[in-house]
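There are 2 protein chains.
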Amino acid sequence: MLRLSRLFVRTLREDPADAEVPSHKLLVRAGYIRRAAPGIYTWLPLGLRVLDKVEGIVREEMNAVGGQEVRFPALLPKEPYEATGRWDEYGDNIFRLKDRKGADYLLAPTHEEMFALLVKDLYSSYKDLPLTLYQIQTKYRDEARPRAGLIRGREFVMKDAYTFDIDDAGLDTSYQRQRGAYVRIFERLGLPVCPVSAMSGAMGGSRSEEFLYPTEVGEDTFVRSPGGYAANVEAVTTVPGEPVPIEGQPACHVEDTPDCGTIDQLIAFANRNHPRADRPWTAADTLKNVVVQVIAPDGGRSLLVVGVPGDREVDMTRLAAALDPSDVEMADDDAFKPHPELVRGYIGPEGVLGLNAADAVAQPVPYLLDPRVVAGTRWITGANQPGRHVFDLVAGRDFLAAGQASAKTDEDGKPLVQGTIEAAEVKPGDQAPDGSGPLSLARGMELGHIFQLGRKYAEALGLKVLDPNGKLVTVTMGSYGIGVTRAVAALAEQNHDDKGLIWPVAVAPAHVHVVATGKAAEVFEAAEHLAQDLEAQGVEALYDDRPKVSAGVKFGDAELLGLPYTVIVGKGLADGVVEFRDRLSGESTTIPVGQAAAQVVETVKAALAA
Amino acid sequence: MLRLSRLFVRTLREDPADAEVPSHKLLVRAGYIRRAAPGIYTWLPLGLRVLDKVEGIVREEMNAVGGQEVRFPALLPKEPYEATGRWDEYGDNIFRLKDRKGADYLLAPTHEEMFALLVKDLYSSYKDLPLTLYQIQTKYRDEARPRAGLIRGREFVMKDAYTFDIDDAGLDTSYQRQRGAYVRIFERLGLPVCPVSAMSGAMGGSRSEEFLYPTEVGEDTFVRSPGGYAANVEAVTTVPGEPVPIEGQPACHVEDTPDCGTIDQLIAFANRNHPRADRPWTAADTLKNVVVQVIAPDGGRSLLVVGVPGDREVDMTRLAAALDPSDVEMADDDAFKPHPELVRGYIGPEGVLGLNAADAVAQPVPYLLDPRVVAGTRWITGANQPGRHVFDLVAGRDFLAAGQASAKTDEDGKPLVQGTIEAAEVKPGDQAPDGSGPLSLARGMELGHIFQLGRKYAEALGLKVLDPNGKLVTVTMGSYGIGVTRAVAALAEQNHDDKGLIWPVAVAPAHVHVVATGKAAEVFEAAEHLAQDLEAQGVEALYDDRPKVSAGVKFGDAELLGLPYTVIVGKGLADGVVEFRDRLSGESTTIPVGQAAAQVVETVKAALAA
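Protein chains in written order, with the numbering used here: chain D, 1 to 610; chain Y, 1 to 610.
Any given hint might turn out to be false.
Since the list can't tell identical chains apart, any single copy or any two copies may satisfy a pair.
Here are the simulated EDC-like cross-link-like pairs (lysine to aspartate or glutamate), alpha carbons at most 16 Å apart as the crow flies [stated by the list, open to error]:
(1) K78 to E89
(2) K519 to D545
(3) K98 to E143
(4) K101 to E143
(5) K548 to E341
(6) K127 to D545
(7) K548 to D128
(8) K427 to E255
(9) K548 to D256
(10) K605 to E540
(11) K25 to E14
(12) K605 to D533
(13) K25 to D497
(14) K499 to E587
Calculated directly from the structure, the hints in this document are not laboratory data. Since the structure is predicted, the reported quantities are computational estimates derived from the model, not experimental observations.
Chain D on its own, in the form it takes in the complex (with noise of 0.2 Å):
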């Protein structure tokens, strides 16, 4: 039984300076974190309770799909991370080191390098295949901006589960068999999450999927489809247009174009002077050049222009996950001081970049297209020319449309094809993918991801098996991760109110807590009988015995800390009844104090099978 005369707990009035979402502040003022330095927190003992309980439910899940429970380092050396590139990929998201000898360690954020070369260590036959290995374990991202308490943490608790399969099949299974595994631990944690397509990012490999709790101080932005389509925002593939016929189109003409320093001024002046005969000119038909920087994880920095339609913004995690993993930022003054071809504000496409650089510019800045602008398209750009804009600019005449194939060739003979990428944003009505309908969007905690790696890690660290006919194969792999940290947080801005947390019975600190108010020795005997019968009948109790608090006070700390049930022990003993709260609905009832161990033990119980 824990009393909170002893509990290492003290409840505050006042959310912490550096919270702003409801998980964060609640679970500091109900006192079950603390925060130790920027992102990394210290678990208090009711926190410490979530926490466990959480692990437990997950631990149970991975055991009941086969999974062993291994346990890794999080102070690992650096070469097995070199020998698959993430080392460098990772860039500054890693805490690295040096031992008192000199060599390079890192505090690892994921650890599919050490499970790969554990299984080449130890098996060495298909006989010994499928095999799914997990740990739940402390790690490690030196983010750039750790933010909302558990939500995006530097130190935390992930269960990262792999699996291993001599060929595609068997990883499919491995893979269905686990995500039918996350879709039950969200369903026990009661987190209504979306399964949604992701990228794969610096994991490499092929099919992936998040798992994502619907809420706003989530930070991913994903997309689902009346006909149930659902992506990442990242993984959004856009549904290019139909090519156009080239013939009969206008010729492209340059234009002085004073005053139109925005798109809308453009369209503005263009329907205006130089209108289209179909239909007017939108946002749509402009054809916006954006000037970022690539950052490799090196450090390295280069530029690269991307073209967009101009009704659309460039995303810049979309874009950054299409360059994944180098990272991307907006080209300032001094990025574009070496490149005097381009002509800010009048950046066009034809004969200044990438493909279709005039032989003028010897180190042409690389061009990606929208997947949008196809053959056909009648366009409206910069002229590279200080105010001045083409009109009519047709793709697949006047510049090389999106995928298309330049006369021009490369080292080897082959046409060069003019690139696209998934940069510009995506905005609610655009098209499904698969076609399921138009898209809406939302955001969602990453709370977990899972991820069919294929041969990369494995082909890296020469892990290999030999197959029925004795031939050595490649193993291939699958990596699953849950936040386990997060989680915790997920389940604090699901279960509150602005009275405090709200628990469900699974992942409560405890199960009951008994207050007993007054100064009345035997209402706190009473309390106590009650509460050390609940423990023997196995229902976890937090029995408020503090003597000299008021009721008004242990009524709020009961609120916030949250516990599902509350047992009230007061006046009403004189009459023979104690009262009974439901935290979630806020409902009371009274109960003939002989009853209440039974009925609370039964609620309990119901509500724990439930």
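Given chain D's structure and the hints, the job is docking chain Y onto it.
Coordinates of chain Y only, in the frame set by chain D:
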């Protein structure tokens, strides 16, 4: 149920190349742990089960003495450790790193500072005390020489508890309560530890005891007396003899001592040429002055001369403990160069060193004496001239005896005192400092260490609470550690034979190893049925269901893995019997198959209850 056909384990016939001690060899060979880097290990499924059980026992006993479990980060900012001076004191022994913003962090080797700050953060009154907090958590030390598998690792699991009291009496009570929990933990683990007095070292504070597991592979030397004294060798204090009257002793005289390169030669020379009247000279009558280099935590080096009786070596471990947090090594040639007054091989105490230094030496090297060099003792020692020794040099007459005050004074006019140091080796037969008889020496492995820290940390970090009179008083702390991963190594040291491990049932990865031998389907069916039956009754079974593995290999694996009981289902099944083996006693009995489950369950439950 664990099935050996799917269990992630491979037993190895050969000892790992880097393994020297049984626990390291066997835990690797039996597939419990696997090396990831020097001093850094991965826990495989069987090992993790043992670790979890050990943690469970520690947790239960901590809770039983009112400990409240929390969990701190491993990655911590520098500042708290700077406030107590430990950031510097740890020197090379901790892992340090910088985050992306250049802020200094460490991987914590222990958490006194953080616990003190947390309590300061939450508590403010004597009413909140006493308080006991603990965690079971991953810790880091950048050991100079990681060795022996789990025994001296660089990443390891510790239980660290901290008590907070208002006064010394409270600290005593808290200390004794923790001490009791330690005794029970090691009893339940079946580890015959010896609690010994210890130095508190870098931790600061007063009373301190280590719980040593006596073993030849241990790194600590400890002493015991018939009367019950027990101490780590670093903590042994010398019993000095009584002062001897100076009057009537012969005058000192310097002599040529050719061919006296060793103490034996010198003694032989002395007895031949300058015999004592009362008895022959012995090595204990020579005063050996050893020059060492003291290395401060900031890396600064300085010389120190230590005078010990010539029949004893300087024990570098004792010397280092006495100089903690500085480290120490023997002075090399370069260190002597700036000190021509130190005549190597002929250094004597008078006139050249420290308090005795001649005015000619501007910066005398400090000199510390063994406590045995009391006033009136008569010595042969170096004459500070090549090839010459001084005879009948009397402490307190010809040089300052240990602890004796000088006529010289410090800046405040106080007389300077000849410092003493516990640097001489402890020898079997030396008297215990408490008069409880002659000491014997043994080696042990430190599994636990408990400290009365007192107010050192609370003062440095400002941890004060209001006392009953409304006055702010500094809290007094205790700190209590158990090496949990090291305890697993001790368990393997304590419980093995030449065939493999022999786990006590309380910490075994599973209780019963069920082996099916031969090829008969009914044997495998019966074995499977038995294993399931055991599991259903709460007995953990590891079922060796491998189809094409010989009985000999299976028996060998069972012995190597070391579960406490094995049931063999094989040919006997035709006669309705199975074989039941006790791994520890080696005894084998035959049981009717129908009674097997019941009998095994009874045996296991009896052993668990024992």
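Hint check results:
Taking the closest pair of Cα atoms, K78 and E89 come within 16 Å of each other only inside a single copy of the chain (13 Å); across copies the shortest separation is 28 Å, beyond that limit. In this assembly of identical chains, the alpha carbons of K519 and D545 lie at most 16 Å apart only when taken from the same copy (11 Å versus 64 Å across copies). Proximity of K98 and E143 under a CA criterion of 16 Å is satisfied inter-copy only: 13 Å between copies versus 20 Å inside one chain copy. Taking CA atoms no more than 16 Å apart as the test, K101 paired with E143 passes between copies only; the shortest distance there is 10 Å, against 27 Å inside one copy.
In this homomeric assembly, K548 and E341 never come within 16 Å of each other (Cα to Cα): the closest approach is 78 Å inside a single copy and 73 Å across copies. Taking CA atoms no more than 16 Å apart as the test, K127 paired with D545 passes between copies only; the shortest distance there is 14 Å, against 59 Å inside one copy. For a Cα distance limit of 16 Å, the shortest separation of K548 from D128 across copies, 14 Å, qualifies, whereas the shortest one inside one copy, 64 Å, does not. In the homo-oligomer, the alpha carbons of K427 and E255 never lie at most 16 Å apart, since the shortest distance is 31 Å inside one protomer and 101 Å across protomers.
In the homo-oligomer, the alpha carbons of K548 and D256 never lie at most 16 Å apart, since the shortest distance is 82 Å inside one protomer and 85 Å across protomers. Taking the shortest alpha-carbon separations for K605 and E540, only the intra-copy value of 11 Å comes in at or below 16 Å, while the best inter-copy value is 26 Å. With identical chains, the CA atoms of K25 and E14 are at most 16 Å apart within one copy only, with a shortest distance of 9 Å there and 55 Å across copies. In the homo-oligomer, the alpha carbons of K605 and D533 lie at most 16 Å apart inside one protomer (15 Å), although the nearest pairing across protomers, at 27 Å, exceeds that limit.
Taking the shortest alpha-carbon separations for K25 and D497, only the intra-copy value of 12 Å comes in at or below 16 Å, while the best inter-copy value is 56 Å. Proximity of K499 to E587 under the C-alpha cut-off of 16 Å is restricted to the intra-copy arrangement: shortest distance 15 Å within a copy versus 64 Å between copies.
Checked against the numbered hints above, the structure breaks hints 5, 8 and 9 and satisfies the rest.
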